[in-house]
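**Q** Here is how the chains run, residue by residue.
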Amino acid sequence: MRMKRVAALAAAAALALAVGACGDNADSDSGSSGTSDVTFEAGTTMEKLNKAGKITVGTKFDQPLFGLKGLDGKPVGFDVEIAKIIAKGLGISEDKIEFVETPSTVREQVIQDGKVDIVAATYTINDKRKQVIDFAGPYYLAGQTILVKASDSSITGPDAFKDGTKKVCSVTNSTPATNIKTYLKDETTQLVLFDVYSKCLDALKNDQVNAITTDNVILTGYMSTNEGLYKLAGTPFTEEPYGIGLKKGDDKFREFVNKTLEASFADGSYAKAWADTAGKYDTNAPKTPTINRY
Amino acid sequence: MNVLVDHFDAFAGGLWNTFQYCVLAAIGALILGAVAAIFRISPIPPLRWVGTAYVTVFRNVPLTIVLFFSAFGLPALGSNADFLRIPGLEKIVPRLGIDLPFFRFALIGLVLYTGAFVCEALRSGVNAVPAGQAEAARAIGLTFTQNLRHVVLPQAWKAAIVPLGSVIIAMIKNSAIAAFFGVLGELTYRGYNLIIEDNEPAIPTFIGITIGFLIMTIPLSLLLDRVERQRAVTR
Chain A
33 MRMKRVAALA AAAALALAVG ACGDNADSDS GSSGTSDVTF EAGTTMEKLN KAGKITVGTK
93 FDQPLFGLKG LDGKPVGFDV EIAKIIAKGL GISEDKIEFV ETPSTVREQV IQDGKVDIVA
153 ATYTINDKRK QVIDFAGPYY LAGQTILVKA SDSSITGPDA FKDGTKKVCS VTNSTPATNI
213 KTYLKDETTQ LVLFDVYSKC LDALKNDQVN AITTDNVILT GYMSTNEGLY KLAGTPFTEE
273 PYGIGLKKGD DKFREFVNKT LEASFADGSY AKAWADTAGK YDTNAPKTPT INRY
Chain B
3 MNVLVDHFDA FAGGLWNTFQ YCVLAAIGAL ILGAVAAIFR ISPIPPLRWV GTAYVTVFRN
63 VPLTIVLFFS AFGLPALGSN ADFLRIPGLE KIVPRLGIDL PFFRFALIGL VLYTGAFVCE
123 ALRSGVNAVP AGQAEAARAI GLTFTQNLRH VVLPQAWKAA IVPLGSVIIA MIKNSAIAAF
183 FGVLGELTYR GYNLIIEDNE PAIPTFIGIT IGFLIMTIPL SLLLDRVERQ RAVTR
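Chains as they are written, first to last, in my numbering: chain A, 33 to 326; chain B, 3 to 237.
Just so you know, these hints were derived from the structure itself, not from any lab. Mixed in with the good hints, there may be bad ones.
[What the hints assert, rightly or not] Residues from chain B shown here face chain A by an in silico Cβ test under 10 Å; the list is partial: (1) A78; (2) L86; (3) G90; (4) E92; (5) P96; (6) A141; (7) Y191; (8) D200.
Backbone N, C-alpha and C fix where the C-beta goes; we use that ideal spot for every residue, glycine too.
My request is simple: use the sequences and hints to build the entire structure.
**A** What follows is the structure, encoded as structure tokens:
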């Protein structure tokens, strides 16, 4: 008797869970299906994505101005807009793009594992990463710089770390972290790395570190959300070209993304993407970079 | 499996750092747990309440949250954990003495968390001592502290060894979580970094990390077995 009641309860619970899971898929069926007035060569990634009608994009969810997830669950920012331009070129409508969070640490892995189709997440192109994935672009040229508290005037550039007293924070597996190590006297006492920038901001706020170093656009974004508390120290001291990460060896897809980016530089959609997002804080439209075909 | 040979210094350095962290955390947790256990079994009600509150909070809050409060809440309260910069200890464990407080915060977090489990393990040992022992001690006029010191604790120790061993081994494995809170030298973090930054193959690297942890936990298990065989309750 007892077992029958328990079994009935378990079955009811399982049914309720299944119905609940079905309910979540409802909203992804609404909205227009992917336009198919673009055709692609058979067997290419573009054709596969166009036929599927959806694309998975890795982006940042915690980067103001570039990829920031709002309360409605949708990320907004310059990287997001660039991804939408690429999706449009593939004939996929905006609401069919699935955005997945890719913090700096996991960007190569998600591409290699096939969890995302492209990554547009303030992703600097460098040779080490090119060994495992491919880059289309660059679509933006950023530079590494340093963020300090607004009241701190002792740090004016990366050389301020050479005396060994100043502490700096960055994020794991990022090019700024590798670059700043060359300016530090002693890495173990001066450098701390976290997995996300928000922890670095907390550490700076609490005076555990004296500075945060990463790309200038990321730091500008954090300055915009914390008015008046922080400032940039000095000028950018490296060049960080942002690219679209995609699977290694997919040359046709890379060429397609490169062509799409070049078209957007020319037809104004790139400038509009900037003006709608980061341009609200930095009105200078960025210089369109030259695509690096390798 | 070349990654183990090529990056041996990364694994060895990481193992040494984790070993230092675990030893310090174990000492702290045993002391704190013992104090909390004595509070919990004391005849003074306020001490009992303090002990119970401590155990209830820290056994039920996940370690990640405890470390989060330790790494970002303590500074907000104005502390840099400078009291842990003990002069003699700083020489042996240099990371205790540096300005960056994250190692000290991670140490505090792990000690607080593990101390609650140590307290419960010790208390289970105390409860295993037959009630007649404590009653007899009271009958011959021993005070509470004398009771504990001479009658109960020597017998409780035997019964508490096995749960204590499990708690310490679990603590060694929990030390990996500190990597998310600014502690960069640990074994797990170093291995993970090899996979992400140097693109080494994942499985051999994780085998290396596992070997590191086994090097730390197996001797501890063997030691506990030996102690248990000498002093066990069941013979």
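**Q** Given a cut of 10 Å on the nearest C-beta pair, is the interface hint for P96/B held or broken against chain A?
**A** This interface hint holds because 8 Å falls under the 10 Å limit.
**Q** So, L86/B near chain A? Judge it on the closest CB pair being under 10 Å.
**A** Cβ of L86/B sits 15 Å from chain A, so the hint is violated.
**Q** Minimum Cβ distance from Y191/B to chain A below 10 Å?
**A** holds (9 Å)
**Q** Next item in the hint list is A78/B. Is there a CB on chain A closer than 10 Å to its CB?
**A** holds (6 Å)
**Q** Holds or violated: E92/B as interface residue toward chain A, Cβ cutoff 10 Å?
**A** violated (12 Å)
**Q** The hint names A141/B as touching chain A; please verify it with the least Cβ-Cβ distance against 10 Å.
**A** violated (48 Å)
**Q** Would you check whether G90/B satisfies its interface hint, that is, whether its CB is within less than 10 Å of any CB in chain A?
**A** violated (19 Å)
**Q** Are D200/B and chain A close enough, Cβ to Cβ, to be under 10 Å, as the hint says?
**A** For D200/B, the interface hint holds, since the closest Cβ of chain A sits about 8 Å away, which is under 10 Å.
Going down the numbered hints, you'll see the structure goes against 2, 3, 4 and 6, while the others check out.
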